[in-house]
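Assemble the whole structure, with the sequences as input and the hints as a guide.
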Amino acid sequence: MSVTIILVLSVLGLAIAYYYSSSVMKIPIDMGVKDPETRKRLAKIHSAIANGAMAFLKQEYRIMAIFMVVFAAIIAVLIDDHHTDYVNEGLYTAIAFIFGAIISIASGFIGMKIATQGNVRTTVSANQSLSTAFNVALHSGAVMGFALVSLAALGLLTIYLGLKSIMPAQLPTHILMEVIAGFGLGGSSIALFARVGGGIFTKAADVGADLVGKVEAGIPEDDPRNPAVIADNVGDNVGDVAGMGADLFGSCAESTCAAMVISAVAFSGMVDALLYPILISAIGIPVSFLTLMMVKVTSEDQVGPALKKMLIISSALMAVVMFFVTKAMLPDTFEIS
852 MSVTIILVLS
862 VLGLAIAYYY
872 SSSVMKIPID
882 MGVKDPETRK
892 RLAKIHSAIA
902 NGAMAFLKQE
912 YRIMAIFMVV
922 FAAIIAVLID
932 DHHTDYVNEG
942 LYTAIAFIFG
952 AIISIASGFI
962 GMKIATQGNV
972 RTTVSANQSL
982 STAFNVALHS
992 GAVMGFALVS
1002 LAALGLLTIY
1012 LGLKSIMPAQ
1022 LPTHILMEVI
1032 AGFGLGGSSI
1042 ALFARVGGGI
1052 FTKAADVGAD
1062 LVGKVEAGIP
1072 EDDPRNPAVI
1082 ADNVGDNVGD
1092 VAGMGADLFG
1102 SCAESTCAAM
1112 VISAVAFSGM
1122 VDALLYPILI
1132 SAIGIPVSFL
1142 TLMMVKVTSE
1152 DQVGPALKKM
1162 LIISSALMAV
1172 VMFFVTKAML
1182 PDTFEIS
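852 is the number of the first residue of the sequence shown in our numbering; add one for each residue after it.
Bear in mind the hints are in silico, worked out from the structure with no lab data behind them.
Small disclaimer: the values here were computed from a predicted structure and weren't measured.
No residue lacks a Cβ here, since even glycine has one placed at the ideal position from N, Cα and C.
Every clue listed holds true.
Computed cross-link-like contacts, DSS-like style, restricted to lysine-lysine with a CA-CA straight-line distance of at most 25 Å: (1) 964 to 909; (2) 1054 to 909; (3) 891 to 964; (4) 885 to 895; (5) 1065 to 1054; (6) 891 to 877; (7) 964 to 877; (8) 1147 to 1159; (9) 895 to 1054; (10) 1160 to 1147; (11) 877 to 1147; (12) 895 to 909; (13) 895 to 964; (14) 895 to 1065; (15) 877 to 895.
What follows is a set of in silico ranges between Cβ atoms, one per label pair, in the way DEER data are often shown: (16) 1016 to 1146: 36 to 44 Å; (17) 898 to 1163: 36 to 44 Å; (18) 870 to 890: 26 to 34 Å.
Spelled out as structure tokens, the structure:
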């Protein structure tokens, strides 16, 4: 039962992410801008930031690919439980590691892609109303959120079912879950590259823009005439968005894998209980979607309260839903020997 629920909700999350992405992309980048010169500048600056972010990620992903292959080889060779001489856990852990790393990269890329497209559309939407601009920004962020959680839940479910089908049937459940923990390691390893690498780039561009632009050339801060300002905005996208996406995925995958290892010790033969940690994330998808639909902003002073309202509503809904899910999926008692 839990497998079906996780699968359906993960697909639902990806569909929601696609819906919000499509709604953002339908907005013309020159909406409401009548001055031809302003339209040209908008397109030029937007193109420079988007292309710069893509160029950075391509180079970063080349380095990540080398790291993934080398580290996966180390895992395959060095990690093996001597109590299970009929299988080499290191090989399967390396597979889980690669799988987690790839999905982590995808999560960061999706976030960066929608951010570079949502930035300019939020700007032009602000000419119409604050409410429109707020919704564009919120929906842009929701794309990464829904895609990230959906990919994490779907990825963990896939690696669980896949490894369970190809590894020896007599393998203890807790060993299987320890192998699956390689998925979280892969996500966190990529997050390290994306977060730290992007952060260093961002700070270097930020300091460089201030030193050269404001101090030496007398150009105002964040003026697009300063090339370093474009680099600074590129860094904001690759570090604070792509890096954050990979970081959030790593945190989600790590914590879920750790909980699955614990559940394997407590509920060895119960599939619903084993997959309960993944189910928690999957249940959050429809809850978050309902929360987004409840929040409206019409004035500037409502932005902060709206974000707090979203947190309160989602937390309350999640608590209620998880009460019934927990009653249905977990046994009344369990023992840890």
